[in-house]
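Novice: Chains A and B are the protein sequences, given in the same order. First residue of the first sequence? That's 1 in UniProt numbering, and the numbers climb one at a time after it. First residue of the second sequence? That's 1 in UniProt numbering, and the numbers climb one at a time after it.
Fair warning: there could be bad hints in the mix.
Claimed, not checked - Pair ranges (Cβ atoms, derived):
| # | chain 1 | residue 1 | chain 2 | residue 2 | range |
| --- | --- | --- | --- | --- | --- |
| 1 | A | 274 | B | 4 | 48 to 54 angstroms |
| 2 | B | 142 | A | 154 | 24 to 30 angstroms |
| 3 | B | 151 | A | 69 | 36 to 42 angstroms |
Derived by calculation from the structure, the hints in this document are not laboratory data. From the three backbone atoms N, C-alpha and C, an ideal C-beta is built for every residue, glycine too.
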Amino acid sequence: MNPITDFESLAKNSGEWLRGTGPESDIVISSRIRLARNLADFPFIRRCSQDDRDNIERNVRARMDAMADWKDIRYIDIEELSEVDRQFLVERQLISREIADAEGSRAVAIDPGEQYSVMINEEDHLRIQVMQSGLDLKTAWARIDALDDQLEGAILYAFHEKYGYLTACPTNVGTGLRCSVMLHLPALVITRQIEKVFRSMQRINVTVRGLYGEGSQYSGDFYQVSNQVTLGHSEQALLALVGEEVVPQIIQYERKARAFLVEQNEQDLHDDVSRALGILNTAKKISSEETMHYLSKVRMGVNLGLISDVLVPTINKLFIHTQPAHLQKLHGRVLGSSDRNVQRASYLQRHLHGEMGDGDLN
Amino acid sequence: MKCQYCEKPATFHITELTEPSGPKVMHLCEEHARSFLQKEASSPVASVAGALAKQLQLGQTKKEIEELDQKECPVCGISFFEFRSSGRLGCPYDYTFFENDLIPLLNNIHDSTEHVGKRPRRLAASADSQARMIQLRREMEEAVDLEDYERASEIRDELKRMEEELNKPATQKPATQDTDQDDENASNADSSEGEEQS
Ligand SMILES: [Zn+2]
Ligand SMILES: [Zn+2]
Chain A
1 MNPITDFESL
11 AKNSGEWLRG
21 TGPESDIVIS
31 SRIRLARNLA
41 DFPFIRRCSQ
51 DDRDNIERNV
61 RARMDAMADW
71 KDIRYIDIEE
81 LSEVDRQFLV
91 ERQLISREIA
101 DAEGSRAVAI
111 DPGEQYSVMI
121 NEEDHLRIQV
131 MQSGLDLKTA
141 WARIDALDDQ
151 LEGAILYAFH
161 EKYGYLTACP
171 TNVGTGLRCS
181 VMLHLPALVI
191 TRQIEKVFRS
201 MQRINVTVRG
211 LYGEGSQYSG
221 DFYQVSNQVT
231 LGHSEQALLA
241 LVGEEVVPQI
251 IQYERKARAF
261 LVEQNEQDLH
271 DDVSRALGIL
281 NTAKKISSEE
291 TMHYLSKVRM
301 GVNLGLISDV
311 LVPTINKLFI
321 HTQPAHLQKL
331 HGRVLGSSDR
341 NVQRASYLQR
351 HLHGEMGDGD
361 LN
Chain B
1 MKCQYCEKPA
11 TFHITELTEP
21 SGPKVMHLCE
31 EHARSFLQKE
41 ASSPVASVAG
51 ALAKQLQLGQ
61 TKKEIEELDQ
71 KECPVCGISF
81 FEFRSSGRLG
91 CPYDYTFFEN
101 DLIPLLNNIH
111 DSTEHVGKRP
121 RRLAASADSQ
131 ARMIQLRREM
141 EEAVDLEDYE
151 RASEIRDELK
161 RMEEELNKPA
171 TQKPATQDTD
181 QDDENASNAD
191 SSEGEEQS
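From just these sequences and the hints, can you work out the full model?
Specialist: Given below as C-alpha cells:
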C-alpha cells in the first residue's frame, strides 16, 4: 500500500481530543491511556534483528487488517516518511518522539477519528494509545480495553503469570498501562504555586512533567500527570489514582488560583490576556514559543469570561496547527524558520478573526 | 574509563531513565555511584538506577554486581550489564532467567512484585515455550540465510503448531504446566466442554 500522502488533509482537521469539550475542559485538555504489549515469540526490540522487526511489522499488520472493526484504519510506514511528516505525527501526538527518531521498520496504525493509534516497534512491539478530550479516563479505558481484547485475540502476547504483561523496561511491566492527563495550569504558574503543588504529588506515585519543549520559558503552562507504577495495582486503581484523586485536586488548586487572580487584580489580568490576544491578532512574525505563551493566556481569558469572541476549540486547534510541521503541511511546502514565523502570524490572524470559520473542527 | 567525578576507574555505568529527555548515561566509581544512586532513589521517576541503588545499600558488593553483570540470557544473549546500562531487557525470558536479580528491582520501582489486573483470555505461553519460540524463530532465519528452505518450513510448521496449542481460552489448564508435554497428544487437551467465551 502507498504511504499516506494526504497529511495535508489530515492537517486541516483536528483530532477528537481537541474538541475542547468533556469534563473539566476549562483546565483539562485531554486524557490519554497507553498500553505496552509485546509478542511472545520475538525478542524485545533492543535484541531484534532486522528480519525480526520486519516480521513483527508484517505480522501485526496482517492481523490488524483482518480485524473487522479496523476497516478504515490508516496504516503508516514511518520508515518511509520525510522528516517533516514524522514531526507532524509527533506534534499531533499520534506517535512518540522515540519512534519518530528510531531506525528500521516501524509503523503506526491510526483510526480516522484519531482517537486511537497503535505504534509498532516502538520501545515495545506494540504501544496502543487512546485519547479523549477533557478528563475522561473511563471512556478512554473502555475503548483501549476493547481494542486490546481484539488484538489479544489475534496476537499472542508475552505474559507472565506473576509479572503480568512483559515489557522491555521493567518500569512498565504488569499492566503496561500509563494514563496521562494533560492540564492547562496558567494561574498556578502565574501565582508561583506550581512547584509546591507538584512537590506534594511526588509522594503519591504520580509523575508530572511539562508538556512542550523543555527549556523554553514560554511553554510552561501545560502539564501532564501520569501514574508512575504499573505493577501491583489494577488498571482501575491506577485510573482512579490519577483521574479521581490527583487530577481533581490539581483542578481545584488551579480554580482557586484563577479566582484569586480575578479577585486581586481583575483589571491587570484582563489587560494581560487582552494584550496577548492583541499580539496574536496583529503580529507580522511570531515564533512557536511565543504563540504558545500568548495562546495559553488567551485560553485562560476565554475560560474566565474576560475574552468573548474566541472559542476554546479554536485555541486548542491553534496550539497544534501553529507548530512547525503542521504549518508546513497546511501551507503545502517546506518552510524555513523565518518564513514559518510569517506564515504562523498570518495563519493565527485568519483563524482568530474567524474568516476561516470553525466548520472544520469536527 | 574514568569516573565522571574523580580519577578512579568507572566501574558503574548507570543509565538514568528519566523520560522524556531520553536515557542519560553516567560513568562512575563505586563510591560516586553509591552517592549518585542514593540521590536518585528519592527522585519521583521510577528508574532502574534508583532500584539498583537500594540493592547496593542492602549490601550487594561491587564484586557481586560484577559477577551478575557477566550473566547472559541463553535466549536473546543480553548480559545483565547491558540491561543495567541501557535499562532495557532483551526478551520475555529475561524475567525468568534474571528473576532473582529483578525481584529487588521490581520491588523498588513498583513496591510490588505481583501483577494485579487484566490478563489475556487465552492461555499465556509459559516462559519456556516463549523462549522456545524465540529460539525457533532465530533458527528459521538462519535456515533461510543458508537457503535450507526445507528446514525453515519445518520450523515454521512447528511455530504454527505451538501457537495453535496456545490459542485456547485460559480457563482450560494451569499455564505453569503446559511446557514440555513433549509428546504430540496435546490434542487431548481440547476445549470442548461448555465454557466458551464470546
Ligand atoms: Zn568517582
Ligand atoms: Zn533474553
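Novice: Hint by hint, work out which the structure violates, then give me just those numbers in ascending order.
Specialist: none
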